[in-house]
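Model the placement of chain B on the given structure of chain A, informed by the hints.
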Amino acid sequence: MTSLLSVSNLRVGFGRKPEDNEIVHGVNFDLAAGETLAIVGESGSGKSVTALSINRLVDFGGGRIIDGSIRFRREDGSTLDLAAAGEQELTKIRGGEIGMIFQEPMTSLNPVLTIGEQIEESFRLHRGLTGRQAREAAKDALDRVRIPDAARRLKYCPHQLSGGMLQRVMIATALSCNPRLLIADEPTTALDVTVQAQIMALLAELKRETGMGMIFITHDIGLVAGIADKVMVMQNGEAVEQGPLDAVLDAPQHPYTKHLLSAVPHFEAGRATRTDYRRADEPSAAPALKVEGLTVRFPVTGGLLRRQTGAVHAVDGVDFDLMPGETLGIVGESGSGKSTTARAILGLVEPTRGTFSANTNGAARQSSKPVQMVFQNPYASLNPRLRVDSILAEPVIAAGGGLNGETQARMRMLLDRVGLPENALQRYPHEFSGGQRQRLCIARALMLNPSVVVLDEAVSALDVSVQAKVLELLVDLQREFGLAYLFVSHDMAVVERIAHRIAVVYAGQIVEIGDAASVLSDPKHAYTKRLISAVPSVDRRKETFEVDTRQVPSLVRPLGFEPEPANWQSFGSDHMARAEA
Amino acid sequence: MQLLRAIFSHSSGRIGGAIVGLYIIIAILGLLGITPHDPLMQFRVDRLHAPDATYWMGTDLFGRDVASRLMLGISQSFIVAFASVALAAVAGIVLGLAAAWFGGWWDGTIMRFMDVLLAFPAILLALLIIAIVGPGTWTSVMAIAIVYTPIFTRVVRGPALSLKTRDFVDAARTFGSSRNYILTRHLMLNLVAPLTVQVTLALAWGLLTEAGLSFLGLGTQPPASSLGLMLADSRNLMEMAPWLLIFPGIAIMIGILGFNLLGDALRDILDPKTRRSVA
Numbered sequence: 001m002t003s004l005l006s007v008s009n010l011r012v013g014f015g016r017k018p019e020d021n022e023i024v025h026g027v028n029f030d031l032a033a034g035e036t037l038a039i040v041g042e043s044g045s046g047k048s049v050t051a052l053s054i055n056r057l058v059d060f061g062g063g064r065i066i067d068g069s070i071r072f073r074r075e076d077g078s079t080l081d082l083a084a085a086g087e088q089e090l091t092k093i094r095g096g097e098i099g100m101i102f103q104e105p106m107t108s109l110n111p112v113l114t115i116g117e118q119i120e121e122s123f124r125l126h127r128g129l130t131g132r133q134a135r136e137a138a139k140d141a142l143d144r145v146r147i148p149d150a151a152r153r154l155k156y157c158p159h160q161l162s163g164g165m166l167q168r169v170m171i172a173t174a175l176s177c178n179p180r181l182l183i184a185d186e187p188t189t190a191l192d193v194t195v196q197a198q199i200m201a202l203l204a205e206l207k208r209e210t211g212m213g214m215i216f217i218t219h220d221i222g223l224v225a226g227i228a229d230k231v232m233v234m235q236n237g238e239a240v241e242q243g244p245l246d247a248v249l250d251a252p253q254h255p256y257t258k259h260l261l262s263a264v265p266h267f268e269a270g271r272a273t274r275t276d277y278r279r280a281d282e283p284s285a286a287p288a289l290k291v292e293g294l295t296v297r298f299p300v301t302g303g304l305l306r307r308q309t310g311a312v313h314a315v316d317g318v319d320f321d322l323m324p325g326e327t328l329g330i331v332g333e334s335g336s337g338k339s340t341t342a343r344a345i346l347g348l349v350e351p352t353r354g355t356f357s358a359n360t361n362g363a364a365r366q367s368s369k370p371v372q373m374v375f376q377n378p379y380a381s382l383n384p385r386l387r388v389d390s391i392l393a394e395p396v397i398a399a400g401g402g403l404n405g406e407t408q409a410r411m412r413m414l415l416d417r418v419g420l421p422e423n424a425l426q427r428y429p430h431e432f433s434g435g436q437r438q439r440l441c442i443a444r445a446l447m448l449n450p451s452v453v454v455l456d457e458a459v460s461a462l463d464v465s466v467q468a469k470v471l472e473l474l475v476d477l478q479r480e481f482g483l484a485y486l487f488v489s490h491d492m493a494v495v496e497r498i499a500h501r502i503a504v505v506y507a508g509q510i511v512e513i514g515d516a517a518s519v520l521s522d523p524k525h526a527y528t529k530r531l532i533s534a535v536p537s538v539d540r541r542k543e544t545f546e547v548d549t550r551q552v553p554s555l556v557r558p559l560g561f562e563p564e565p566a567n568w569q570s571f572g573s574d575h576m577a578r579a580e581a
Numbered sequence: 001m002q003l004l005r006a007i008f009s010h011s012s013g014r015i016g017g018a019i020v021g022l023y024i025i026i027a028i029l030g031l032l033g034i035t036p037h038d039p040l041m042q043f044r045v046d047r048l049h050a051p052d053a054t055y056w057m058g059t060d061l062f063g064r065d066v067a068s069r070l071m072l073g074i075s076q077s078f079i080v081a082f083a084s085v086a087l088a089a090v091a092g093i094v095l096g097l098a099a100a101w102f103g104g105w106w107d108g109t110i111m112r113f114m115d116v117l118l119a120f121p122a123i124l125l126a127l128l129i130i131a132i133v134g135p136g137t138w139t140s141v142m143a144i145a146i147v148y149t150p151i152f153t154r155v156v157r158g159p160a161l162s163l164k165t166r167d168f169v170d171a172a173r174t175f176g177s178s179r180n181y182i183l184t185r186h187l188m189l190n191l192v193a194p195l196t197v198q199v200t201l202a203l204a205w206g207l208l209t210e211a212g213l214s215f216l217g218l219g220t221q222p223p224a225s226s227l228g229l230m231l232a233d234s235r236n237l238m239e240m241a242p243w244l245l246i247f248p249g250i251a252i253m254i255g256i257l258g259f260n261l262l263g264d265a266l267r268d269i270l271d272p273k274t275r276r277s278v279a
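Read top to bottom, the protein sequences are chains A and B. Per the numbering used here, the first sequence starts with residue 1, numbered consecutively. Per the numbering used here, the second sequence starts with residue 1, numbered consecutively.
Be a bit skeptical, because a hint or two may be false.
Claimed, not checked - Only pairs whose alpha carbons sit at most 35 Å apart, straight line, appear in this in silico DSBU-like list of lysine-lysine: (1) B:164 x A:290; (2) A:139 x A:529; (3) A:469 x A:529; (4) A:207 x A:230; (5) B:164 x A:469; (6) A:230 x A:469.
Hints were generated in silico from the structure; no laboratory data involved.
Okay, chain A solo, but in the shape it has when bound:
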């Protein structure tokens, strides 16, 4: 046998009687050295359990391997059945020969130890290195994952490093003993898209250098295209389809694979934007929302007397306007200030400077609150102890209304419009699924008949197939009520499908704004280009990303610092980009 790992008829169950509670129903696959297998599936498909069975970490989660074998070829050429191996043998194999990277780099590292100590631990246990030798080895490991200034970073604690850096530290730890198999369980799900591209590039490069085999688990079939040699699609604990990358992506056989490929919104560089609205050259009506010079700064204090020593410039001079019936997509990475912008417009954060005016547009919109918001997490934005009718009535009560017939009628009308049954009124939020809850949040936002709805990552927490339906609903509601949307998201593919115009936010400032098709197909600002090139896509096979180690600049500025006024360059009728220094 030449393969590195050969899994046959793997069955895994959980609980006291694993046979009755089988999660993985007979999975087979082979992996040769230097090959990458991607396991793709939605949450609950058994992909993580399969991977955890290989290094038998599944035993610690209450699982048991019921049947099947996992043959792993060891360094000395002998073959070991991991499914039957004893704990002592497994301890040597884990870390030593099979490395693992987890999803959340922030929680996979011990917060009270420096990263140096945590990397050294691996060298101490598996290689028997001590003291200075271990420290040298740890520094080399960090160098290997392209962390600049490695010697100093060794003394950092995890909270001092960004998510992307931490994931690199995790990779460094996993690779410290030159494992021959690396299991990566959704290693980039918690990271920003440009950081994701960096990590993917790093993994690909390290794989080439070391010739290790890799199992890459993900729910995002778009990400697979860049890295995998083989793909296995899992659904409900069964491998429904597996084969070489090109075969699976181009000619999917199983309906579930086809569904996955079509449900995931693919980024198409401006070719999939909406065409139902075009901004007139001469403004015909008053904008629904006009934001001028919005600035939000948070004070930074220091010293004994807690004097203000500087400020975090979270949002720095943002201007845009939003016409009725128009969607402005705000894209950027975490920490770029896009959510703070949204929260400032809603009054949840006090802006330091700047004005925004929302137009109530005619007599029908006699609302004191013309801007409403839908939050990211539908599980946190509904009070679990209130019934749906109380939840929907809250905005009306807050505006001075009562729970009268008119309110009741509007509740029922909106429930019907968002596709929920009328008896939902008497139920509690926990009786609804995530997608249904988000529909409830949308209905609640529309109770006061607003002219602008701010959608802060409103579909990011939903499964892909639900996401598509909620987006459809949003488009329908926009047409029916003439709503203007401010759609804040990090997901370029989603923004492409819903936005008419796009504003790219970087380090608290808009760096590029304009017509969606124009911005996405022909980005002008360097950051926009970087952002767009980082979006994974099914079409990008075996593309080699450059390892880019640039960090987002610090937003902390000294007291009294004022940014230079923007120097806008215009490209076409509705496309502007900030000139770069």
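Chain B in isolation, oriented as in the chain A frame:
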């Protein structure tokens, strides 16, 4: 109803619920005067009579029926415990919500003051208060209430701080909901579960503190009866008439056990983290 069913399907909740239910019935009967004998009547001929069919738990030094006095004592102790815990809960909720909601200076001042109160041992602080105000039933209610207010303040402040930052509170702010609406509908309603547990456990301590104060002669005053007072009366007659000591002692012990078991059961039932294991 669902809660009652959950309590009675929980192993320790069943026992705790039964004990507390029984005590409440006894307390009501004692309050209504439905006792085997008049608790204040002195049967001079039957002084220090051992328990028998007439006097179920014997009689005391003045020939009063211990069983009747015990029933009256339980109702007295319950009234003090319930009243003081109710006061402490209300004060604690108001202070805790204020500290969490306003934060900053308010939070600092309120919580430091609560820390000062907590620094005293419970019974010592109650003694101090009574020493200033003078003994009596309602003084001991006040004293016990003040002693347990910091605990409720802390129980409320913690979760209120985390609820305050939840998205549904932010959402309420974007609608322009009033502060009182947010505090009652969004914060209070979500605090019901931890408060229920805390109230049950505080009742057990309240019962014990009341007994302690009465034992020291600073709580309920004779001729009224209370569990602590009965213990105090029995002190000198321990060898001659042990029933005077045994029955009130057992009554206190079982009562506290009942509240504690019920509190533990409620914590299991109401805590979402352990809810699944109960069901």
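Against the structure, the hints:
1. A threshold of 35 Å between alpha carbons decides the hint, and for residue 164 (chain B) with residue 290 (chain A) the separation of about 30 Å falls inside it, so the pair holds.
2. With a CA separation close to 33 Å, the supplied pair residue 139 (chain A) and residue 529 (chain A) stays within the 35 Å bound.
3. Restraint check: the Cα-Cα separation between residue 469 (chain A) and residue 529 (chain A) comes to about 29 Å, which is no more than 35 Å; the hinted pair holds.
4. This hinted pair checks out: residue 207 (chain A) and residue 230 (chain A) have alpha carbons roughly 15 Å apart, not beyond 35 Å.
5. The hinted pair formed by residue 164 (chain B) and residue 469 (chain A) meets the criterion: a straight-line CA distance of about 31 Å does not exceed 35 Å.
6. Taking the CA atoms of residue 230 (chain A) and residue 469 (chain A), the gap is near 30 Å; set against the 35 Å cutoff, the hint holds.
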